[in-house]
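As you go down the protein sequences, you meet chains A and B in turn. Start counting the first sequence at 1; every next residue gets the next number (the UniProt record's numbering). Start counting the second sequence at 1; every next residue gets the next number (the UniProt record's numbering).
Incorrect hints may have been included.
Where chains are identical, the list cannot tell them apart; a pair therefore holds if satisfied intra-copy or between any two copies.
Stated by the list, open to error - Think about it this way: if two alpha-carbon atoms lie no more than 25 Å apart in a straight line, the pair counts; the simulated DSS-like pairs of lysine-lysine are:
| # | residue 1 | residue 2 |
| --- | --- | --- |
| 1 | K87 | K30 |
| 2 | K16 | K30 |
| 3 | K16 | K87 |
Treat the hints as calculated values from the structure; they're not laboratory data.
Listed below are the residues making up each chain.
2 protein chains.
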Amino acid sequence: MSETISISSATLISSKTIVGSDVFSPTDEKLGTIEDILVDKVSGRTIYAVLSFGGFLGMGERHHPLPWSTLAYDVVKNVYRVNLDKKHLEDAPSYDRNKEFSWTPEYGRTVDSYYKSPNYWN
Amino acid sequence: MSETISISSATLISSKTIVGSDVFSPTDEKLGTIEDILVDKVSGRTIYAVLSFGGFLGMGERHHPLPWSTLAYDVVKNVYRVNLDKKHLEDAPSYDRNKEFSWTPEYGRTVDSYYKSPNYWN
Chain A
1 MSETISISSA
11 TLISSKTIVG
21 SDVFSPTDEK
31 LGTIEDILVD
41 KVSGRTIYAV
51 LSFGGFLGMG
61 ERHHPLPWST
71 LAYDVVKNVY
81 RVNLDKKHLE
91 DAPSYDRNKE
101 FSWTPEYGRT
111 VDSYYKSPNY
121 WN
Chain B
1 MSETISISSA
11 TLISSKTIVG
21 SDVFSPTDEK
31 LGTIEDILVD
41 KVSGRTIYAV
51 LSFGGFLGMG
61 ERHHPLPWST
71 LAYDVVKNVY
81 RVNLDKKHLE
91 DAPSYDRNKE
101 FSWTPEYGRT
111 VDSYYKSPNY
121 WN
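Between the sequences and the hints, there should be enough to build the whole structure, so can you do that?
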């Protein structure tokens with residue numbers, strides 16, 4: 001785990017680097033941290049980023065799955081941004097990070113619908 | 001990190017679960033372990049899985065990037081498989097996991113070409 005790989009291409013990122021990355025608003029306010037990404041097993045496409053909000057919303061114990069399509073990569077500053085306000089994130093579907101959580105297609109549809117994202121689940 | 005999320009849908013997998021997964025041959029021989037995945041920053045598409053071969057090839061200290069398209073997900077046994085023989089994997093592009101490695105587009109093209117995979121780099 002002490003591995004250091006620098007990827008000089010601007011296009012690839014290690015999943016271990018994505019996890020732990022901060023997410024910012026368009027106005028450079030830190031909104032949260034990516035705790036995990038959920039990937040389609042077969043296609044390898046990232047479907048959700050799982051965010052935590054480090055306490056500033058008083059909800060650091062909850063995980064908020066965001067459709068990947070809500071994240072934009074800022075190639076200038078090398079950070080991910082979401083164009084969502086705090087209140088919208090606060091009211092979004094979430095689950096207790098410390099409890100077992102069963103992700104169902106129905107839950108996925110609720111998340112996709114909340115963010116008005118393309119429905120992954122059909 | 002003590003988080004336990006069970007995803008009951010058969011389609012999604014956490015990046016933290018992919019990392020550490022074993023990779024098998026079509027005849028159920030364990031070939032290696034996924035150490036990391038490299039993701040396109042913008043699209044979220046997984047481009048490479050980085051494999052290690054735990055010593056059985058005498059090369060546990062090296063990382064072998066494989067184009068994601070070489071991996072097939074076995075939905076019955078819930079494992080990833082590659083249809084490649086040991087010799088082919090042994091001779092593949094790799095780098096020392098303990099040294100800093102700069103991934104360049106040229107290196108990526110070499111990898112894609114070795115596995116006759118679609119060229120990510122153009």
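Against the structure, the hints:
1. K87 / K30: Close inside one copy (14 Å), not across copies (48 Å); limit 25 Å.
2. K16 / K30: Both ways: K16 and K30 sit 20 Å apart in one copy and 24 Å across, limit 25 Å.
3. K16 / K87: neither (29 Å within a copy, 29 Å between copies)
Of the numbered hints stated above, the single one contradicted by the structure is hint 3.
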